[in-house]
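Engineer: Residues per chain are reported as follows:
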Amino acid sequence: MLSLTLRELSLALREGSISPIELCRKCLNRIKKTQHLNAYITVTEELALKQAQEAETRLLQGAPKGPLDGIPFAVKDNFCTENIKTTCASRMLKDYIPPYNATVVQKLLDQGAVLMGKTNMDEFAMGSGSTDSAFGPVRNPWSYSASYREQTGVAPDSDWVVSGGSSGGSAAAVASLTSYLALGSDTGGSTRNPAALCGVVALKPTYGLLSRHGLIPLVNSMDVPGILTRTARDAAIVLDILQGQDMRDSTTVPAPSSPTELPEDFDVKNICIGIPKEYHAPGLSEETLAQWSRVADMFERAGARVEQVSLPHTQYSIVCYHVLCQAEVASNMARFDGLEYGHRSKVNTSTEAMYTTTRHEGFNDVVRGRILCGNYFLLKQNYQHYFVKAQKIRRLITDDFKHVFSSGVDVLLTPSTLTDAARYHDFIQEDNRTRSVQEDVFTQPVNMAGLPAVSVPTALSRLGLPIGLQLIGPALQDKKLLSVAQWIEQRVGFPSIRDFEDSSESRNEIGVTKREQTSAV
Amino acid sequence: MKKQILILHPKASCVIRRISTRSSRHYSQPQPRAKSAPEQLVGVVGLEIHAQIQSNTKLFSGSSVRFSAPPNSLVSFFDASLPGTLPVLNRRCVEAAVMTGLALNCTINRKSLFDRKHYFYADLPAGYQITQQRRPIAVDGMLTYSLLGGKKRNQVMRKNVHIKQIQLEQDSGKSLHDDLRSQTLIDLNRAGVGLMELVMEPDMSCGEEAAAAVRELQLILQALGTCQGNMSEGQLRVDANVSVHRPDEPLGIRTEVKNINSVRYLARAIDYEIRRQIDVLQRGGRVQNETRAYDSKTGETVPMRDKEGLQDYRFMPEPNLPPLIVYEDNTSLPTGSDACQAVVVQKIREGLPELPSVKRDRLVQTYGILPEHSFTLVNEDGLVEYFEAVLKATKREPRKVIGWVTNSLLGHLKQHDMSVSQSPVSPPALAELLELQETGHISSSVAKQVFQEMWRSSGKTASQIIHELDLGLVSDMAQLHSICQKVVDSNPDEVHAIRNGNKKVLNKLIGLVQKETKGRADTVLVRTILLEKTS
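So the protein lines, in turn, are chains S and Z. Residues in the first sequence are numbered from 1 upward in steps of one, following the numbering used here. Residues in the second sequence are numbered from 1 upward in steps of one, following the numbering used here.
If you're looking for bench data, these hints aren't it; they were derived computationally from the structure. Worth double-checking, as some hints may not be accurate.
[Stated by the list, open to error] Label-pair restraints from in silico Cβ distances:
id, chain 1, residue 1, chain 2, residue 2, range
1, S, D95, Z, S68, 31 to 39 angstroms
2, S, Q384, Z, T366, 53 to 61 angstroms
3, Z, R135, S, H360, 33 to 41 angstroms
4, S, D95, Z, D178, 49 to 57 angstroms
5, Z, G62, S, E286, 52 to 60 angstroms
6, S, K346, Z, S332, 55 to 63 angstroms
7, Z, E290, S, Q381, 21 to 29 angstroms
8, S, N83, Z, Q341, 32 to 40 angstroms
9, Z, D381, S, V347, 45 to 53 angstroms
10, Z, G62, S, Q391, 28 to 36 angstroms
11, S, D95, Z, A69, 28 to 36 angstroms
12, S, V347, Z, Q415, 52 to 60 angstroms
13, S, P254, Z, Q365, 36 to 44 angstroms
Glycine included, each C-beta is placed from N, C-alpha and C at the ideal position.
Looking at chain S on its own, in the form it has when it is part of the complex:
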């Protein structure tokens, strides 16, 4: 039951072959069993059961609210949820309870979807491993798959791989079958990266297609709510529900199309797949490269035109991304001063001293570092040299994509990440910034340009860990991208984690005791 797709599940719920309450309980149990993953910061058990009960009543009456009625979902802990703690995985907001729901959360609730909990992440979404959380790192569910363990032969507790980030908790939740869909946020790859590493589908929608109202921002001009599901078709269902203009977010645009399911058979014969040569980046693993070639060949064999294209300014993207990111971070984090909400230091010798210690105690090193850099870039004497220059490069990067798409290319095919998931102990050898440079290399140009992109899992590596590829399309072509993603999905036969499940329950017990922080409403 837990490994069904959204579409299958929705059908089963309507037919009455599955009860929402039973389903909810199963998911809650599974959350408990997989606690060692640390995917959730808050599990909303009581609320979930209540919502499931209501969904059951509706479904029994034959009056479901929508295709998601009764379906469990998880939300990254940087989306505001009314009366439910929203921490951004930071000490700063460790006890913060928002008085309102983010628009995307509200839309899912309005459909009758059942909220299982809030997922773990890098603090304030700053990271690419979900290792920099005030609640401890997220573990990649595939670390515990029989395939990985056979390959490595090491005890999983001493050798597990990262989930990717910053939406690692959401990706882990969907991959470990505790939720059928999850919301992530994507500023430089934060939804696609963990999706690729955890073997699930991620949609980073066109900027402005989904409302950011209630998403605690990282970089306002690049943030989008991301959708994590097990299939491209599921992502399309969720996109239909979430997209569209929101009066509360002035940067939103109307949805380009009315809700439609993805076509079962998408014809790739007449499309043109672009392979950007600049994405043959240093550090790209052989296996990922092999997957990239394999899928490109698949398209070619199916009659699609596959062309090498150039996005000449790609190499400058990551450094400009960091300048713009840090500048906005410095600005966005200014409100966390301990006055209105959030952590407040006990130091009270003066308002200034209180501000200083509150922010020192509340933010981790990564956040503080970015604030410092961002303020430096925004100083009067530096503004032109850093911020304005980065904006100009951003325009060039956007133009690169425009040129490619206007030259007849429909979709770009690239890797999502350089390699499969790194071991935690290897990952933390490098600092957050270095890791971001490596991890976001293929994903952040898309955010700079505001384009839609999908990460779709294509195979397991030799170690038994997922590898994903990325599709990038022109603005507002999200649905078409998902259709292409589905085409890939139908042909690569990526396995479900269930196929590799460890039947023994023993290691879960260890996971529970090892868990450092738990919080639940």
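Chain S is already provided as a structure; the job is to place chain Z on it using the hints.
Structural biologist: Frame of chain S, contents of chain Z only:
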């Protein structure tokens, strides 16, 4: 967010921020000259004005705007800067700024931008203010104002001041410092209210000019309905940039004078500051570039602790608001857009009300009144309408009516601290009184008496009062003759003087007759009778 937010009392609780420090001009220290220096030091004054936009809701949120509401009762999630909230621009505020820009002859930027200006302060919850630093909504305007000059202060002198720009921005909240308990209370009711920041170039030279310019601006804003303009309630906040120099030299180093809460104090503060700076220079000192506060009790300006003078505001584009686009006319609207949602300059231009200067010219031309009277009329809210309503109901010449309105009525209103709309004497009632005087039913002195009576007993008509108090002119010729005879008989010395050719003494006898009749006698008639009797 209804609770009051308690924060610590900052050690530097008296620090008041600099709102802005912009200038493209070159400032230098005037050098004290030899005694033979031909030219005098003169003042140079520029103004930075924050006008609260008259609007039901705030600039970027749906919270109500109201003065003196209970603390933190008008605070939305956005106003309190709750994480995840986003600004949504209030069209009314944009229209108000466009309207104000048009009235001040500004160029309206078809595309303007919003920026974040960062500084940490307890009443600025987001840690930044959303403003228009790079590209404001209106630029390059001109305000024409007038001063009354000359020996009798009845010469109207027109002057111009350039308006550099008008920018939309958010107001901050208020910090209330409780020194006794060493804490600061924050009220966010004002946080996020829409402001228009107007920058007036240093085209003025003294307090009186600045005051006249601000007064004219106030009248314009009130006529437009874009700002209530009350300085004491903070709806209009004026900071003055003051410097002195010799007219042929570069501008001197300026100070910024704050904490001015009336037009009168503005003039005083500026004049004090000019004198102070001249004094400093003449004693061989240097003017410091600093922020000073005006103390209305002493009439002086004093340096403010201005720790943040060197602050770098780290301006950055506001990423959550797309560029603000206004359209010239309906034809320039993009296809498919909703004309009701768009801000259309042409539509606003057509809806502009009569501006004060136009109104004054019209009054002078239409009614033949003196220019200074037109100022008095326009300066008082509702007085023009009152004046015109009286004229409609009487045949009396406007030049005869104006004195009644600007002296008698306005005097009474001022004395009782009332507005024109509160006047107990309505325009038709005053018109009736003036008619009775015109047609010879009452004398002018009785008319004043009747007016006072009408003021006291609101609702009674002039004729009622005249009847009740028997104030009508004495029309019985026999009675009038007898009173005159009595006066002549009892003042033989005066009569003798008149007969000897001192006709001036006749006025004394007329006065005595009026005293006898309580002012009810027709003076012309009395003069004729007395002349007869003393000849």
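Engineer: Confirm or reject each hint.
Structural biologist: Here's how the hints hold up against the structure:
{"no.": "1", "hint": "D95/S / S68/Z: 31 to 39 angstroms", "result": "holds, 34 angstroms"}
{"no.": "2", "hint": "Q384/S / T366/Z: 53 to 61 angstroms", "result": "holds, 57 angstroms"}
{"no.": "3", "hint": "R135/Z / H360/S: 33 to 41 angstroms", "result": "holds, 37 angstroms"}
{"no.": "4", "hint": "D95/S / D178/Z: 49 to 57 angstroms", "result": "violated, 27 angstroms"}
{"no.": "5", "hint": "G62/Z / E286/S: 52 to 60 angstroms", "result": "holds, 56 angstroms"}
{"no.": "6", "hint": "K346/S / S332/Z: 55 to 63 angstroms", "result": "holds, 58 angstroms"}
{"no.": "7", "hint": "E290/Z / Q381/S: 21 to 29 angstroms", "result": "holds, 23 angstroms"}
{"no.": "8", "hint": "N83/S / Q341/Z: 32 to 40 angstroms", "result": "holds, 34 angstroms"}
{"no.": "9", "hint": "D381/Z / V347/S: 45 to 53 angstroms", "result": "holds, 52 angstroms"}
{"no.": "10", "hint": "G62/Z / Q391/S: 28 to 36 angstroms", "result": "holds, 32 angstroms"}
{"no.": "11", "hint": "D95/S / A69/Z: 28 to 36 angstroms", "result": "holds, 30 angstroms"}
{"no.": "12", "hint": "V347/S / Q415/Z: 52 to 60 angstroms", "result": "holds, 57 angstroms"}
{"no.": "13", "hint": "P254/S / Q365/Z: 36 to 44 angstroms", "result": "violated, 54 angstroms"}
Violated hints, in rising order: 4 and 13; the structure is consistent with all others.
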